[in-house]
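Since each chain sits alone in its own frame, please combine them into the complex, following the hints.
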Amino acid sequence: MEITIPPFDLKSIAPIILITIAGIVVLMTDVFFKKLPKETLGYLSFLAVLITGLITFSQTGSPVYSFSNTFVVDNFSIFFNYIFLMSTAIVILMSVNYLHQEGVNFGEYYTLILFATMGMMLMAGAADLITVFLGLEIMSISLYVLAGFKRDRLESNESALKYFLLGAFATCFLLYGMALLYGATGTTNIKEIATFITNNHAFSSPMIIMGASLLIIGFGFKMASVPFHKWVPDVYEGAPTSVTAFMSAGPKAAAFAVFLRVFLISLPGLEQKWSVILWVLAALTMTVGNVVAIAQTNIKRMLAYSSIAHAGYVLMAIVTASSLGTASILFYLLVYVFMNLGAFAVIIILGKRGEENLRIDDYNGLGYKHPIMAIVMSIFMFSLAGIPPFAGFMGKFYIFSAAIKSGYIILAIIGVINSVISVYYYLRVTVVMYMKQPTREFAPLSLSPYIILALVITIWGTIHLGIFPSSIIELAQKSVLLQ
Amino acid sequence: MSFPILTVVTFLPIVGALWILFIDKRKEEKIKQIALITAIGSFVMSLPLFFKFNLATHEFQFREMVPWIKEFGISYHVGIDGISLFLFLLTSFLTCIAILASWTIKERVKEYMIAMLVLTTGMLGVFISLDLFLFYVFWELMLIPMYLIIGIWGGPRRIYATIKFFIYTMAGSVLMLLAILAIHTLYYRETGEHTFDLLTLYNLDIPMRTQFWLFLAFFFAFAIKVPMFPFHTWLPDAHVEAPTAGSVILAGVLLKMGTYGFVRFSLPFFPYASHQFVPIISWLAVIGIIYGALVAMVQEDLKKLIAYSSVSHLGFVMLGIFVFNIQGLEGSILQMVNHGLSTGGLFLLVGMIYERRHTRMIGDFGGLAKQIPVFTVFFMIVTFSSIGLPGLNGFVGEFLVLLGTFKTNVLYATLATTGVILSACYMLWMFQRVMFNKLSNKKNRDMADLNRREWAIILPIVMLIFFIGIYPKPIISRLDVSVNHLLSQVDAKYKKTVNRLKIAEEKLVLKGDPLWK
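So the protein sequences, as listed, match chains A and B.
Oh and the first sequence: position 93 is 93 in my numbering, straight run, nothing missing.
Oh and the second sequence: position 351 is 834 in my numbering, straight run, nothing missing.
Hints in this document: simulated from the structure, not taken from any laboratory.
Be aware that one or more of the hints could be misleading.
Here are the simulated BS3-like cross-link-like pairs (lysine-lysine), alpha carbons at most 27 Å apart as the crow flies [to be verified]:
1. A:369 with B:589
2. B:787 with B:647
3. A:369 with B:513
4. B:593 with B:510
5. A:369 with B:593
To list a few chain A residues with every Cβ distance to chain B over 12 Å, as calculated [as the list claims (entries may be wrong)]:
6. 37
7. 38
8. 104
9. 164
10. 173
11. 176
12. 283
13. 284
14. 291
15. 295
16. 358
17. 416
Beta carbons are placed, not taken as given, at the ideal position from N, Cα and C, and that holds for glycine.
So that you can see chain B by itself, here it is in the shape it has in the complex (with noise of 0.2 Å):
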């Protein structure tokens, strides 16, 4: 058996986290250098997945299978393809940018240390699982962590949000899973054979009305995730309260866990679902797109601001999910990638001015640019990025995924395009408000600009950010593949249940599915 990468970069957190925890709690630079060299470890051993990447085959690469509860058909099962390379990489990349920007924490540190470790060990996980089972167990095990780094490390109301955000979660994960088991049930009435392994279960074809049910269950659990309108709620307030970093894995990562979802099993599990969906979806997508950015105008706390414009641009990313085309969906893809560099680095940047000054009230600002110019650049960089200025990464994202859109329906795009114009109000207003006009407020005058940890942390998102605005090919070309097998997996089974659909409409036997009782 050929090296077990995958393994080794997923664990590699929890076996730091088990470190800090004989390591003595008063410790705590060394505990946050264990941190840090846990993370950059994880991340340089997932460097190779991106360079040995075989550009040919849809098939999941660097595969590792182990049984695990054997009389289920339950098996440790990982494999990453294009569609999930990138979001292991960004996952690992923001943990390392996380633990780094998490160097302020004053309380607590060792604790926070190895929440900040197990999370990522589940962030990973979700990414690479090809077992049903095991990809339900990362996605609640990243709650627990989550769910303490917000409460305990939160600002006033991180009680309230935290309990918010973990119910919310769980409430749609649960559903989620009773369709994994219904799956699960189905193909064993089929063949007998008791298995959650993914690539098999997708041999699967579901009986229409009963796609259609659990559809809806893996959608609640996806759309409270990614959030869509209107389950987006919890955001706003997870995201206010949280300490910086746990908002840039927020942002980064987990809201993308629900994108993903759609991705790896909405779509091939329930492709005719999917296309039934679409209307519904769509125009959610397209409020969300509106709303979140005309939301975004009003606010005047920065994190909230960036909040609703997470729920904003998340709305691109499911618009271009289902439309079922090329374009879209990789814009898809590149668009969570970027949401979660340009995001992520906001939260940092916010985090920033934050701890010198803690507020983040626009109104306290003003006039920065000329008291912390190095800063004023950085925050002007990713700004741009996230509005999808050409030359930087979000324009590419945002632009495929437009196009896509364009290709099969006019209206939904128009419509989106206008959350394209408003992103920019809104981001604009709100970068001239912060860094330009009169430095009117005394206490801005003895901000300092970054610092060389700051310079560290931001400067690899920014690099990103240029690098994949200029030439995001290396990109495209590993998502090609993947997202073209994906389609055409999608399209197949779509057609198949049309047909059957056809002939059972000239037998005029439609029948209820023998899966309810």
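Excised from the complex, chain A in its bound form (with noise of 0.2 Å):
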């Protein structure tokens, strides 16, 4: 019997080797060298993310399928990547200093960042379920044992668990979706799911919808979409801090790499059901999250609502089903990296041991005390809520014309309304800052160099892709996908 090993190609998965390679260096490393300071397992993980980056840019061209089509390097999934590292990069600077803080200052938690690193790139670059999934995993579980990462807090621990069972429950759907399409076509690969369902008609297989339908959950809840959303806030409040801003970047940015690529390309044929369900449940998202928000007097809460609401409006473009949508998509997931990012690394600024300082109230008169943070959070505030010249607005900008254009009119309403809603929450940290009066002393902020770079990058981000996107606009609309 002759057996056929497929033929596989290193180079195209360069970066994710190269990504978990490093992984593993840290945490042997961190074994065997017991008197480095774990400082140096940041700039380690820091150096690695760089040069996966850089190899990352010397992919850029025409599609390359590898692995028996399992797995592909496009565009699309070159631009994701981008995102992932730009998010890991930032958090991995923002942590350095804010582990030490906290007493937690294990080497695993770098390694398990690249590793959940790793799985959001392979899940970017997947052509089949199967890696999708693979992918997937690698991302959930090194997230569940990061949001525990303080193992002696008890909302560390609760955050951890309740990540880890709702998670756990929602790749059950994830993964019967996936059964059942492969059940109904006879195969996992994403553009041969597509073929079997254009050359059979198979637009309204009752199993190929419940699959969709059963996707739409499992993705739902990565994505925290409305109503699979409940885990977030609770999650969000007690991890890290460091780790919630990581989970509010990339891992949400791969969910959305994932379900455009599965519903672009596989399900494009059943476009007309999907995006009805999508529809209702961007108007739901982008409208639960922005209200509730309101209500939240801790800053972390706060901002869990807001990436949910966020997502709604990511949601949004992905009804549009153009390419406009998903250049509008992957301009957005770059700006909201930087914009929200850096509220986080303010909130790790002005953080005492102990998550303390986390309620909006304890900002109050920062502006008198610290004004340099309290510009800096404002910007990104402003950001967040839409509003020029900063990024945020540009991002908001490109998927509400990707909406109009497409004619959905109604939920681009919905989206502006919400959009209003949202200043309401976002100027109420500025309000704090500046309108009231200092209720207590602030403790000296825990500056250091990684940190202060992580801001810089960050308030760049969100100034330059506000003022002059051009550049990033065009590189956007180069890697949206191509049927």
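Here is the structure:
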């Protein structure tokens, strides 16, 4: 018997290999060089992310399928890799001091972050449902551990357990959906599913529709869309702040990447059906996220609901199922990385040991005491609220223009009304910073060169992409999926 | 390329703000001086626009165009015509006055001046933008500093007032953003070209049903800003809580952005819908005129009284815009400038006595005429200007508006005229209670008259009040060509739609517009 080993192209997965090796090296260094300051592991990981970024950059070009068409490198996945690597790099910079301050300075933190990043990259490049699942699980399991990283704190444990239980539950839906699709079409390959559906005119096969619905539930959980969002506030609040920042950016982007690829490439024939469901989900997600965010007093919870709302805006762009919509998502997610991680960086700087200073009222009078921090935070808040000339406005503008061009006027109106609602709670942060007197002494800022670098990067991104977005928009337009 | 005068004037304040950013916040005197110098610099630089303005053409002048975001067809395109010229000049003028009036700010001078200068750039940008996207960016840009000015340096209920101001304005403007995107999309569908350029998009012929909805979206944005009855409730709150300079800018410039928006965007883009909306807008304007005047009459707080008088005066402006004749429109534009001067002046004067007595309640004053005669004279002139006394600026604008309105609808004009009478009532009654009678309140006895800085603030305004009142020709002559062109442009497009409607009715094929899905 002759076994043919399919050709495998290591070059295409070079970034993934590199980041995996980096994760293992960090882990081993931690084990064998116990005396090494943990910060070194942070630099090492940061360096690995930078090099991976450079390799990713060199991959740009026409799509390359490898590993029996289970993995693909195209501009779409490369753009997402930029998003992941950018967010990971910023999070690593934010973490170095934070971990030390919170007394959880363990080396495996960086390993888990790198592994999670690897999972996301696998998801973005997945051309087969099995690869999707593989990437998703690698990412999720790393995140479950990270959420509970402060093992001596109750909230952190609660966060991890909730995330794990609900995440596992959602994964079941996802797997079930994949199984149904496989059962109906006889393949797990994303492209072949599309071919099967078109060739057999299986647009209303109940099994395929059922499978697609279950996929929406599974991905909806990871994207934190309403009504699958219940885990978000508790998990975000309990997890260490740097992990919350990490979870709010990369993993969500990864879920969107997979969602776009699966639905735009393998199920475009069913667009009529799923776009209606997503229409409702988008409207619900935006509205619930924004309305509930108003009632929050804890800034991490507020940002959790705000991230739900932002997922709603992205869903609105998915509904359009157009290349313009996809480009707007790419742009928006990148912008979101900058502004949201920036806000979290400020929270970390102002935080004290033991997760204190997290109520919005704790920021009373910040503008008098630490004017620069207050200005920086205001910029992120205004950007999140979508007010020009910051990047958040450009991102929203792009998404709304995609919605209008595809004729989804009502959804766009719901979207802009939501932006107005969101203004209220983002403004509240600036209100307490500038318009209230300090209620108590501020602790000295926990500044370090790394977190300052993180702030500089995020501020630069938030302002630059707001005023000169041209080059990134062009890149995003080149990176849309080719069906 | 010639000297980019508009860009320089518009962005000079931002440069000043950046300069202040690097100055030690304890050097308050120096910060104030820099702010004033940049504001005056910006104003002086804007004067050549007035003198070199070409009276013969309706085309936009001093144009500059640089591609900005090519993917969407967005460019940095600015220019000025007769309609925007005076609002632009008014803005740069009032900024100098407002900064001079802010000399008494004690807290956080550095932040205040930065906010003020950024605000100026936003406002100036709104009036010169010839690109819808650019317009929207400037429109929103000025929200943040105004929000901070009211919220940080305002009165006791400042937080409530500033959030209300921000959310009202934002609610209107996001709908406008959608409408802007819709116009862009319509043009793209027709020609396959991405553009946000105003002059290009003017050529677009929007289907009538779409016009209706888009007009409504723009209407909310502008009507809230004006503010028209019943969207006016944010205005008294914002005015009462804002610091003096904030009120001056708010009344003098921000409100004009709404009326300017109607003239620049609503009329030429949606002529058919504009005509359809005439009854609604005119009635709202008339109600605003009378309601504003009646409510102003019973106010105890001077600032609130002036705020409600703004609602009344802007009703005239709105009425004049929607009569579609040259007198009405020119009167409206002139009235925008006049209202900026007279109401701005009133707020400045009220600010001056507030600084002396820390109260704005009419009941706390009385008999000030003997105590502070110079102040009283200035207050009288500005009050008369606000009432519309012949010989002062307010008369010319109001007269033209009423003339234009009489030509089209006698009922509206008659009702609006009662507003003129009412305004005389409440202003004179207020003046009498504050200035005449006996000096009964002892605390008023040691009030000082105007100092030199206050002379410098109020004198230029009073001079302009007289100048426009006596010799408005330099202004009217610069308006003529642009306004005529605008009206003929609107008229031609309106007739075209009506004709098409007739043909369509004959064929009985009134189908829906393709924009909806």
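Handout entry: Those earlier numbered hints the structure runs against, lowest number first
Key = Number 17 only.
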